Amino acid sequence: MKRILPLLILAGLVCVSALVAVQTVMAQDAITKLAPEAFGKLTRPAAVFVHDKHNEKAKLEDCVVCHHGGKDGVIDRTASTEGTPCSECHKVKPAGKATSLQRAYHKQCIDCHRTKGKGPVACGQCHKR
Amino acid sequence: MNAAYEFVTGPLAWFAWGIFILGAAWRLYSMYQLAKKKDASSWAFMDLGFSLRSIVNWLIPFNALGWRKSPVMTVATFAFHICLILVPVFLVAHVVLWTEFFGISYATLPDSVADAMTLVVLAACLIFAGRRLTQKEVAYITTGKDWLALVIVTLPFLTGFLAYHQIFDYQVMIIAHIVAGEIMLAAIPFTRLSHMVFAAFTRAYMGSEFGGVRHARDW
Amino acid sequence: MGITERLIEDVGIRRGVSRLTPEKIEKIVNAVLKGETGARLKTYAETCMRCGLCAEACHFALSHPDDPSYTPAGKVHQTMSVLLDKKGRVDPDFVYGMAQLAYTECNLCRRCVHLCPIGIDTAYIMSTVRRICHKLGVTPQYMQDTAHSHASTFNQMWVKDDEWTDSLIWQEDEAREEFPGLRIPLDKEGSDIYYSVIAPEPKFRTQLIYQAAAIMHMAGVDWTMPASTGWDNSDMCMFSGDFEMMGRLKRQHFESAQKLKVKRIVMGECGHAFRSVYDTGNRWLGWRHHPVPVIHAVEFYWELIQEGRIKLAKKFPGPVTIQDPCNIVRGRGLQEKLREVTRFLVDGDIIEMHPNREHNFCCAAGGGVINCGPPFKNVRVDGNTVKAEQLRATGVKTVITPCHNCHGGLHDIIHHHKLGMDLKFLSDIIYECMEKPEA
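Chains as they are written, first to last, in my numbering: chain A, 1 to 129; chain B, 130 to 348; chain C, 349 to 787.
Keep in mind that the hints are not guaranteed to be accurate.
Computed cross-link-like contacts, PhoX-like style, restricted to lysine-lysine with a CA-CA straight-line distance of at most 25 Å [what the hints assert, rightly or not]:
1. B:Lys167 <-> C:Lys725
2. B:Lys166 <-> C:Lys382
3. B:Lys167 <-> C:Lys382
4. A:Lys118 <-> A:Lys107
5. C:Lys372 <-> B:Lys167
6. C:Lys434 <-> C:Lys508
7. C:Lys372 <-> C:Lys551
8. A:Lys118 <-> A:Lys128
9. C:Lys382 <-> B:Lys165
10. C:Lys390 <-> C:Lys434
11. C:Lys483 <-> C:Lys390
12. B:Lys166 <-> C:Lys390
13. A:Lys128 <-> A:Lys71
14. C:Lys483 <-> B:Lys274
15. C:Lys390 <-> B:Lys167
16. C:Lys483 <-> B:Lys167
17. C:Lys784 <-> C:Lys663
18. B:Lys274 <-> C:Lys435
19. C:Lys551 <-> C:Lys725
20. C:Lys784 <-> B:Lys166
21. C:Lys382 <-> B:Lys274
Partial selection, computed: residues in chain B whose CB lies under 10 Å from chain A [stated by the list, open to error]:
22. Met130
23. Asn131
24. Asp176
25. Ile214
26. Leu215
27. Thr228
28. Gly232
29. Pro239
30. Tyr299
31. Gln300
32. Met302
33. Ile304
34. Gly310
Cβ pair distances, simulated, as ranges [stated by the list, open to error]:
35. C:Arg362 <-> B:Tyr161: 54 to 60 Å
36. A:His51 <-> B:Leu181: 56 to 62 Å
37. A:Ala46 <-> B:Asn186: 46 to 52 Å
38. A:His67 <-> B:Gly139: 28 to 34 Å
39. B:Tyr161 <-> A:Val65: 37 to 43 Å
40. C:Asn378 <-> B:Arg197: 39 to 45 Å
Honestly, the hints are just simulated from the structure, not real lab data. Note that the structure is predicted; figures quoted are calculated from it, not measured. Even for Gly, the Cβ is constructed at its ideal location relative to N, Cα and C.
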């Protein structure tokens, strides 16, 4: 059993140094992020989202595609909510059938990316460190 | 990337879960049939109360003689198994996927805790590997199957850790992580990992014999 | 490392192996694996994680700390695992080593069960290896001789029918000098107790029958012993792998008791016989319960003491230690009753060996190992230095153990290590200390 100890310490060291290296890699400024104040302390790094560049690349002209209306968890693509922040309607902890803010972002972004077969779909692709 | 991601989170995931669940069910069912057919003189003594008595006593760290005699292994294996189950089930990123695909949502572990628990799993895997290499009584009986099981379990946690911290190419790593997890799921019914399916029953059988027939402890 | 580096010549194993061909081996191995094993062996073989925790269990492994081939999993690794992996395609030389290992380096004591998190019964696996060896005709000569005796005479020691009754009548005759009116009732129908012993008792430990008769007499027990076959409760066939014969022996034993319409069977102070009658033979016969209730002498003496039927003239001078026999402790949970009986009999402390009770180390003689005879005596003596250390650490002069195999094994260990200890059966002490009629 005693022979295991050095191995254990080595494993610990490897893991700790990896962790430290990871934490210092980040800090990419000059990009727009989706980090509404409503979330408070973020679980993951804010999702990268450069509004104009995205829409240009995605050839999006109609605002209502993203800035939709609706209620009780049902989307209404006829009513534009352009200019209204997402967190206005989507609460972090919603009451009733309403969609939560996190789910709204995930659903809106990922579902579209999956349908189009383009754009980020896995966690770390948006939540970049 | 998107096509690959679609594939590993779609058809491949269904396939892996299917093999895991159907495979485990089939193995349990066929083993049950075999036990009834060929092990009747053992089967006859199965007893729920004594089964649970044995299982509970072995689930308490340092309670059984086997645990007390190998403390390092005991700490390692308890920490390993607890983290091995809790992290994948209660990881935020995994729950988000359940929500995304099925609308299911439940309690999660804070990422920092899950991260530490992942390191615990990896450290335990290193201990297991170290024992196989350096401890003669373990090295003597170690076979390819044992290394295979260890590698299969290590990979999802290693790739998961690297993907979470976005070390190396994230897109490759996240795909590798998902595939590694799927390999583990599908391997459970058909490798040494099948002890996940059978261990409760081998323990229960011993508990039944020692409790009901031999009137002695088996821990 | 491994069995191939420590082969010992045995006439029986050698001759058996000389008759084998790879084809015959393959056929018989698979016949046993397919025909007689099922989910137990399959799950054990598959789910053993090779963690090595069982190394701490086995007296052979602990007595050979540098040789992992003596660990429980190490033994399975060299035998059953190979048979399963190669689907029985092994050569005759392999069978030699497999037989020597299974018959002489595992006592089937089941201590490893206490060390295995998933509850693998290594004794079952080794018994199955022995079963295969038996079917291959590869058994140690001395053990096979006892198995032949069982098959020919229904007792282990070639005791002839008239010799058996003669021995009983002789002991009765001797005892009546000390206990006027004492009888050893033969074939007495409807008795409360049917007393059975192992064949070595009439053969060379006749005083044990004398003592048992004295205890029964003074306690006023309504008892009997059978005059014909069935009297020997021992079973080397269980250990050689001759399960068919094991079944016949156990049926004979139970039927003999049933014919006499007795209430209960009391078995003498023997461990392996108890395992055979109480736990193993009945299963082979397909009986979940015993046709006649069976209790071991330890429990019987305990009952007599509870009822105040054993009266002592003096107490045995202690301190003493207790060797827990696996087959009545791990096999029947009699450890506390054994201590209560001992406390009743002994004046002084019980100095425990460590570990003790269910966790006690085996004597290294049981499981048929001592019955493999002189060629393998050193295997079990050298294979149990941990027992010698355990015994020495108690510092006492008397070891009580209610089991013939424990006596045989410990006797050799005590002599080899010059420990200067005396071994006692409970009946030795009860007889020595009990009230006797005025001479």
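Hints versus structure:
no.: 1; hint: B:Lys167 <-> C:Lys725; result: violated, 36 Å
no.: 2; hint: B:Lys166 <-> C:Lys382; result: holds, 12 Å
no.: 3; hint: B:Lys167 <-> C:Lys382; result: holds, 9 Å
no.: 4; hint: A:Lys118 <-> A:Lys107; result: holds, 15 Å
no.: 5; hint: C:Lys372 <-> B:Lys167; result: holds, 24 Å
no.: 6; hint: C:Lys434 <-> C:Lys508; result: violated, 45 Å
no.: 7; hint: C:Lys372 <-> C:Lys551; result: violated, 39 Å
no.: 8; hint: A:Lys118 <-> A:Lys128; result: holds, 17 Å
no.: 9; hint: C:Lys382 <-> B:Lys165; result: holds, 15 Å
no.: 10; hint: C:Lys390 <-> C:Lys434; result: holds, 15 Å
no.: 11; hint: C:Lys483 <-> C:Lys390; result: holds, 20 Å
no.: 12; hint: B:Lys166 <-> C:Lys390; result: holds, 13 Å
no.: 13; hint: A:Lys128 <-> A:Lys71; result: violated, 31 Å
no.: 14; hint: C:Lys483 <-> B:Lys274; result: violated, 30 Å
no.: 15; hint: C:Lys390 <-> B:Lys167; result: holds, 11 Å
no.: 16; hint: C:Lys483 <-> B:Lys167; result: holds, 19 Å
no.: 17; hint: C:Lys784 <-> C:Lys663; result: holds, 14 Å
no.: 18; hint: B:Lys274 <-> C:Lys435; result: holds, 17 Å
no.: 19; hint: C:Lys551 <-> C:Lys725; result: holds, 21 Å
no.: 20; hint: C:Lys784 <-> B:Lys166; result: violated, 56 Å
no.: 21; hint: C:Lys382 <-> B:Lys274; result: holds, 23 Å
no.: 22; hint: Met130; result: holds, 8 Å
no.: 23; hint: Asn131; result: holds, 5 Å
no.: 24; hint: Asp176; result: violated, 36 Å
no.: 25; hint: Ile214; result: violated, 20 Å
no.: 26; hint: Leu215; result: violated, 17 Å
no.: 27; hint: Thr228; result: holds, 6 Å
no.: 28; hint: Gly232; result: holds, 9 Å
no.: 29; hint: Pro239; result: holds, 8 Å
no.: 30; hint: Tyr299; result: holds, 5 Å
no.: 31; hint: Gln300; result: holds, 7 Å
no.: 32; hint: Met302; result: holds, 8 Å
no.: 33; hint: Ile304; result: holds, 8 Å
no.: 34; hint: Gly310; result: violated, 13 Å
no.: 35; hint: C:Arg362 <-> B:Tyr161: 54 to 60 Å; result: violated, 43 Å
no.: 36; hint: A:His51 <-> B:Leu181: 56 to 62 Å; result: holds, 59 Å
no.: 37; hint: A:Ala46 <-> B:Asn186: 46 to 52 Å; result: holds, 49 Å
no.: 38; hint: A:His67 <-> B:Gly139: 28 to 34 Å; result: holds, 29 Å
no.: 39; hint: B:Tyr161 <-> A:Val65: 37 to 43 Å; result: violated, 55 Å
no.: 40; hint: C:Asn378 <-> B:Arg197: 39 to 45 Å; result: holds, 40 Å
The structure does not agree with the numbered hints 1, 6, 7, 13, 14, 20, 24, 25, 26, 34, 35 and 39 stated previously, though it agrees with the rest.
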